[in-house]
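Take these sequences, add in the hints, and give me the full structure.
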Amino acid sequence: MSVVVVATSASEWTALRVVDSLALVATATDRFLECAPVMLRDAVTGLLPDPWRWIANGLFAIVAIFAVFGLLFAFLTLAERKILGRVQNRPGPNRAPTPTFPFAKFLGKIRTYGLAQPFADGVKALTKEDIVPDGADKVLHFLAPVALLAFATLTLVVIPFGRNLVALQLDAAVLYFFAAGAATELAVFMAGWASRNKYSLLAAMRALAQLISYELPLLLSWVPVVMIAGSLSTVAIVEAQAGWKFGFIPHWHVLTPWGFAGFVIFMVAALAESNRSPFDLPEAESELIAGHLTEYSGFKYAFFFMAEYFGMCALSGMAVTLFLGGWRAPLPFLEFIPSYAWFGAKLLALILGFMWIRATFPRLRIDQLTRFSWKFLVPLALINLGNTVVWALMSGGSPALALARWPVCAAIIVVPFVWLGRAQSASYAPRTYRYAA
Amino acid sequence: MILPLVIIALLTIAVAAIAMTLRNLIHSALLLIGSWAGIAAFYFWAGAEFAAFAQVLVYVGAVSMVVLFAVLLTRRSRADLEVAPDAIGRGLGAMLAGGAVLGVLFGAVFATRLDVAPTAAPTASVRAIGQQLMGAHAASLLVVGVILTVALLGAVVIASTDREGGKEDAR
Amino acid sequence: MLGTGLIQGLAVTAKNLVGSFHDPERYTTVEYPEVKPKLPENYRNFPFLVSETAEDPMGTLRCVACQICEKECPPQCIYIVKSKDKKLDASGKAQLYPATFAIDTSVCMSCQICVEVCPFDAIKMDQEFEIATTDRFHGLLLNREQLAKPNSYYHQIHPTEAAAVDALLVAARKAAEEKAKAAAAAKAAAAAKADVARVSRPVNPAAANTNTGQETRATPATSAPQPPAAPSAEAPKPPPPAA
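Residue numbers (our numbering), protein chains in the order written: chain A, 113 to 549; chain B, 183 to 353; chain C, 119 to 361.
Check each hint, because a few of them may be wrong.
What the hints assert, rightly or not - Okay, derived cross-link-like pairs now, DSBU-like style, lysine-lysine, Cα gap no bigger than 30 Å in a straight line: (1) C:205 to C:299; (2) A:194 to C:156; (3) A:310 to A:240; (4) C:292 to C:305; (5) A:194 to C:154; (6) A:310 to A:236; (7) C:204 to C:299; (8) C:133 to A:194; (9) C:189 to C:267.
In case anyone wonders, no lab produced these hints; they're calculated from the structure.
See below:
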């Protein structure tokens, strides 16, 4: 996990600089497991002279992010295939053996129940021929996967993975997150255009249409959170969700009417933004020859997949931060478990949800996809924005008003949902053909 | 503190200059996006985080797509690309338009008082920006919103004019 | 309401996900190279030769090299060379045997006609499907030694069919035995009668002659199509069905 300690006050923050704050570690919490990552960081970088330490801290955070999420990517691919297999009543990959080492022949091949599969896949991707089409724009063709992975990794930087575990604390962290996420569209376009393949180009255009369509509900769905929390900083948003009502109901945003609606809209848009099924039209490997990835092979292809999983992790992490209370424990007596474990558990739960959805739903057509965004998600997100205003206005008054805001706000979001949903369901009626019988 | 500014400025200007000279329109567009990112970096250097990320979100994320779509949709044939700027009138017009923009920009730059001695960086938090936008500058915000809405509606009208006949795929 | 169908779908996949861990009805995958799949009884692909015992497959082949299958085979994939000598078969009768019996499985089209025309139940369809080889000429041309498999194996792969075949064989042998017994008895009776006639009243020898002539002609006619059955007056019972 990334380990750069929170600056004393966010307003003092001026530029891209990592603050070294050994003193803060002690004040945060005194449990060993809680501050173990920071202590590890300090043990490594404490050897350096002071002027170099902030660079070393930054490097440590980068290495930690790459190590954790690289491994997570490797095993998520395996978990995804295992889960898809189990959903389809088959075992999934389970026979990648360990290689036989010449110096330890007696061990033979050890069955790992598929745990070696990611490494076998990695070796395969590395040893495959890297094909670049003849007429392709060589530079852009190479740059596209690199840029995509870079942007996807950049988004991971501002997510607080635990108490004091955020690589870069920014005043406008949420905006930074979505700015970096929006730049992935550029990489998709580069991939499609540089391949010099009309199918790739068309697929890239289609992918862009999808990404731009779902950018809007994605952005609109987190604005209520910023309104309520009063800050664009991820750390402050997690702070805003601290505490428990009646001692056991956490103050998570997802447990309010507007928060729940925002969470659902966010997750649906996140599915589309990270090209996950049922919105995986940009790739659609089974029917659209993998879209803008058509002309990619070998490790560049693996890069695209890595970027997809990084993006999925980043969006899930952002959803956890914005709606699910970040690294906070759900119940007071469970706080002895380290904060990063809670964050990891929530992150994995969301990612498993992504996989479950992938295993269940068929792929949408492009017109259904864009209609769903523009005619359903965007209006609903706008209504939710107004809903949040109502909620915020009603919370200031008497206790009766504070109680009344629950049914009022629930009605404000549920009624349009049913109404818009009916219109949507009508538009998904069985297709009628004019010329066919 | 001045060195990063020089590097950012040089990179931005270099990228913009290369974008102008390239024959490949897509490459030019991508480099143009690079120069926008450079401007965002400048904002960031100046401590205006919010403006920097808004610049990236709007320009690198959205406007770039408009530019790229426009490039791809308007290029009908290879011959369109090779219009030589041989006409004197064309050249003069370009010079005049460029000169006018330059004049306005320089006028704005010279009209601004620049403190020679660096003072403390103004701390404009997001909350302050929001309150300014909703309070003092609410009218201009509304005007900008109206202009953008009109532009959006115009785009929809232009795009939907030749869709009279083909309605069988409406659902 | 929008979304109810989605939740139903999610419930279905969740049931599958959980059920695959404890419900063998759902989780039907067989881990193939370690665990062989249970083939349906009527699955068959290529012919094999039935021998009576597993110990001496070459000595107890049911095949008598009559070459009917060779002639009937549509793609002509069977090649038989008759033996010069005769060998005692399972029932103790001297029979020809195939000196060479080869099936080219690369040509065989698994039509089962050889099985249907065989009068001796000597060729049956196998269930062996792991027939890939690295040598596409000699590896796919199966000779007599490779083709011969004991009757117990036949019982293993097609239990119902094998039991029916065995029952038929036993019945045929029993019938032949009784017939032979009856014929012997009739012969003895006729001989005795002839003796008596010759002794008592030597009037109509033609009648006795025609009778015996019919008997002698009838025996080869019935026995010819079923050599293992007909001559098996003293034949041992076919081996019991394998477990």
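These are the hints, each one checked on the structure:
Between the alpha carbons of residue 205 of chain C and residue 299 of chain C the distance comes to roughly 25 Å, so the proposed pair stays at or under 30 Å and holds. Under the criterion of a C-alpha separation no larger than 30 Å, the hint pairing residue 194 of chain A with residue 156 of chain C is consistent with the structure, at around 25 Å. In summary, the hint linking residue 310 of chain A to residue 240 of chain A is supported, as the alpha carbons are separated by about 24 Å, within the 30 Å threshold. Of the supplied pair hints, the one linking residue 292 of chain C and residue 305 of chain C holds, its CA atoms being roughly 19 Å apart against a limit of 30 Å.
A C-alpha spacing of about 23 Å is found between residue 194 of chain A and residue 154 of chain C, which places the hinted pair at or below 30 Å, so the restraint holds. Among the hinted pairs, residue 310 of chain A with residue 236 of chain A is consistent with the structure: their alpha-carbon atoms are about 28 Å apart, no more than 30 Å. Taking the CA atoms of residue 204 of chain C and residue 299 of chain C, the gap is near 26 Å; set against the 30 Å cutoff, the hint holds. This hinted pair checks out: residue 133 of chain C and residue 194 of chain A have alpha carbons roughly 15 Å apart, not beyond 30 Å.
The straight-line distance between the Cα atoms of residue 189 of chain C and residue 267 of chain C is roughly 23 Å, inside the 30 Å bound, and the hint therefore holds.
Hint check: no violations occur; every hint is consistent with the structure.
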